Amino acid sequence: MSRNGPLALLFHALVMLFMLAPIVIVCVVAFTPEGFLSLPTNGLSLRWFKAIAGYPEFVSAFRDSLWLAALSSVIAVGVSVPAALAVARHRFPGREAVSAFILSPLMIPHVVLGVAFLRFFTQIGVGGSMVSLVLAHVVIVLPFAFRLTLSTATGLDRSLEQAAVSLGASGATLFRRVTLPLILPGVVSGLVLAFINSFDEVTMTVFIAAPGATTLPVRMFLYIQDNIDPLVTSVSAVVIALTVVVMALIEKLFGLERLLAGEGGGRS
Amino acid sequence: MLARSSTSGIAPMTDPAPAFLALDGLSKRYADHVAVDALTLGVAQGEFISLLGPSGCGKTTTLQMIAGFTEPSGGAIRLEGRDLVAVKPARRGLGIVFQSYALFPHMTAAENVAFGLEMQRVPKAERARRVTDALALVGLSALAERYPRRMSGGQQQRVALARALVIQPRILLLDEPLSNLDAKLREEMQIELRQIQRRIGTTTILVTHDQHEAMALSDRIVVMNAGKVEQIGRPQDVYERPATPFVASFLGKTNVFEALVERGADGAAAVLGTVRCPCPPHLAGAGHVLLTVRPEKIAFADEGLACRIVSRVFQGTYWLFIGETPAGVATIVCQNDGAAQPGEGESVHLTWRADDAALRPLSGAGA
Ligand SMILES: Nc1ncnc2c1ncn2[C@@H]1O[C@H](COP(=O)(O)OP(=O)(O)O)[C@@H](O)[C@H]1O
Ligand SMILES: [Mg+2]
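The listed protein sequences derive, respectively, from chains A and B. Heads up, the first sequence is in the numbering used here, so the first residue is 1 and it goes up one at a time. Heads up, the second sequence is in the numbering used here, so the first residue is 1001 and it goes up one at a time.
Chain A on its own, in the form it takes in the complex (with noise of 0.2 Å):
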């Protein structure tokens, strides 16, 4: 950091602050005594905090949140690795297209994915179900968890698993052994952009969410349609809340940058 000029330390400040600051504003505003959205001005209150108990579906929505990211991002990461391994060593007819194929739903606004998916599932007679929601959100997570597959898988030096072969290793040995410990690195970081993704998204979740299978995200968005209290802002606050320790404790067991740049510590 010392490197960096003054002028460059300054840019750096603005743009953490940038980032930083809705959150913070979000966070702060949580604790406001107010019936309102506002800085609190005069003193902290948890109330808003309390007030998520009265509506159990924020709870419950947030349950399926949590559900539908992990499923839909184990399940691309589950197709991305078998097809991001072809992809990455075999030059076979309409290997392009399956890249393509897979990385297409990013290039496709979510909106026109959200009314596709609608008219679709209700067509096939899962519309409103939690299953239509996971289907619709492997596709949507899929191009990230093949993406950074597709980069460690691509990097992979074809000796490492020829060395293992030699030794005898072959099939699901050499893979569980050898071939998952390298693309680890790619994989670990999809499944986590993949599950973000998932978690995150509203535009297409909006219109194929029901009632009984919704998530966080579409849940305050509906909230904030009719009500302007700052309800939303403390659940916000406790979502933060809970990434900030969720990150922390992977820190700790694991080491993030290990997990994600793989610099790989070994099996203990």
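Do not rely on the hints blindly, as some may be mistaken.
Said to hold, decoys possible - Computed Cβ-Cβ distance ranges for the label pairs, DEER-style:
id, chain 1, residue 1, chain 2, residue 2, range
1, B, 1152, A, 44, 51 to 61 Å
2, B, 1121, A, 70, 28 to 38 Å
3, B, 1249, A, 256, 38 to 48 Å
4, A, 101, B, 1083, 49 to 59 Å
5, B, 1141, A, 250, 28 to 38 Å
6, B, 1195, A, 243, 55 to 65 Å
Stated by the list, open to error - Chain B side only, calculated, beta carbon under 7 Å to chain A, not exhaustive:
id, residue
7, 1070
8, 1089
9, 1090
10, 1094
11, 1096
12, 1100
13, 1102
14, 1106
15, 1115
16, 1116
17, 1239
18, 1300
By construction, these hints were calculated from the structure, which means they are not laboratory data. A quick note: this is a predicted structure, and the numbers were derived from the prediction, not measured. Glycine included, C-beta positions come from ideal geometry on N, C-alpha and C.
Keeping the supplied structure of chain A fixed, place chain B with the ligands upon it in accordance with the hints.
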């Protein structure tokens, strides 16, 4: 223990039949070219063979076909008389060391070495003992718990060698294993590699583009060019009696002079100045022939081929001269034995023993 019930490791000059490993007309064709063209080679048990040739001549492809990672387009590979091509790569029991070492980055040195034994389901206690032995063999006992990324290139190289040897491979395949090391380390590793191979007697095939490495290590050298075998022989034979001009030029420097063929009382001879080399009958009719002679086989004398020294370079253990002769440019190497050497611009005469020269026709590649 690492040692197999090993043979003495002495290489026979001619292939015994059947060879331990036999490559029979082995070929690999790609869409637009032939990478390996009908390679036939017999390797005796315990022998150290080098595949030597310039980059792109098909050495790695040959090794990959033996290892099973590349499907041959034609020909056969037999190990102890059994067809190897039909055996899955994971079942071939060959040890491989790659140029990039290919150590598993998520495993320590000991875990890397243990991997092959785990795959063979060797019991834990025996596994630990064999890993310890293998690391000791390559002199790395102290670094057993270290991860590859925290090792030098030479140390990684040793782990890779230990990992390949610990499974007691039927053949050890080495693909340019030393070419990422600096010159001094490479020389040390060459000596060590040779000693280890002698001690445990594993049949070894080394791929290299470095003629010195091939000559220093091998019982026999297979010189390859553009997918074809140019010559197979002991290092000194390949060097002293190159079968083709390619081999002569690829293995060290050589002088090529154009010589006049004269018929005398003692039969036809190629003549350069007063140096006369007897001509074999099939060349006797030619007007001119090409005479090749190694720089270190040329000596200064009172008479012979006239030469004017153009440059003189001191190389420590020897002197390197470049001279001009009526027959072409001459390169001469002289041991630095302390004797006075001709200076630049001086006129001298060059001579050599007829045995040290090879003759071939002016045109065409035949020897
Ligand atoms: N997968 C491949 N597809 C097409 N050509 C290849 C392939 N692998 C190797 N070759 C070609 O085969 C020739 C021999 O390659 P290689 O065996 O790696 O040479 P060497 O190891 O002697 O340098 C080269 O011309 C190379 O370009
Ligand atoms: Mg090669």
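Do the hints match the structure? See the list:
{"no.": "1", "hint": "B:1152 - A:44: 51 to 61 Å", "verdict": "holds (59 Å)"}
{"no.": "2", "hint": "B:1121 - A:70: 28 to 38 Å", "verdict": "holds (36 Å)"}
{"no.": "3", "hint": "B:1249 - A:256: 38 to 48 Å", "verdict": "violated (57 Å)"}
{"no.": "4", "hint": "A:101 - B:1083: 49 to 59 Å", "verdict": "violated (42 Å)"}
{"no.": "5", "hint": "B:1141 - A:250: 28 to 38 Å", "verdict": "holds (37 Å)"}
{"no.": "6", "hint": "B:1195 - A:243: 55 to 65 Å", "verdict": "holds (59 Å)"}
{"no.": "7", "hint": "1070", "verdict": "violated (10 Å)"}
{"no.": "8", "hint": "1089", "verdict": "holds (5 Å)"}
{"no.": "9", "hint": "1090", "verdict": "holds (4 Å)"}
{"no.": "10", "hint": "1094", "verdict": "holds (6 Å)"}
{"no.": "11", "hint": "1096", "verdict": "holds (5 Å)"}
{"no.": "12", "hint": "1100", "verdict": "holds (6 Å)"}
{"no.": "13", "hint": "1102", "verdict": "holds (4 Å)"}
{"no.": "14", "hint": "1106", "verdict": "holds (5 Å)"}
{"no.": "15", "hint": "1115", "verdict": "holds (5 Å)"}
{"no.": "16", "hint": "1116", "verdict": "holds (4 Å)"}
{"no.": "17", "hint": "1239", "verdict": "violated (32 Å)"}
{"no.": "18", "hint": "1300", "verdict": "violated (51 Å)"}
Violated hints, in rising order: 3, 4, 7, 17 and 18; the structure is consistent with all others.
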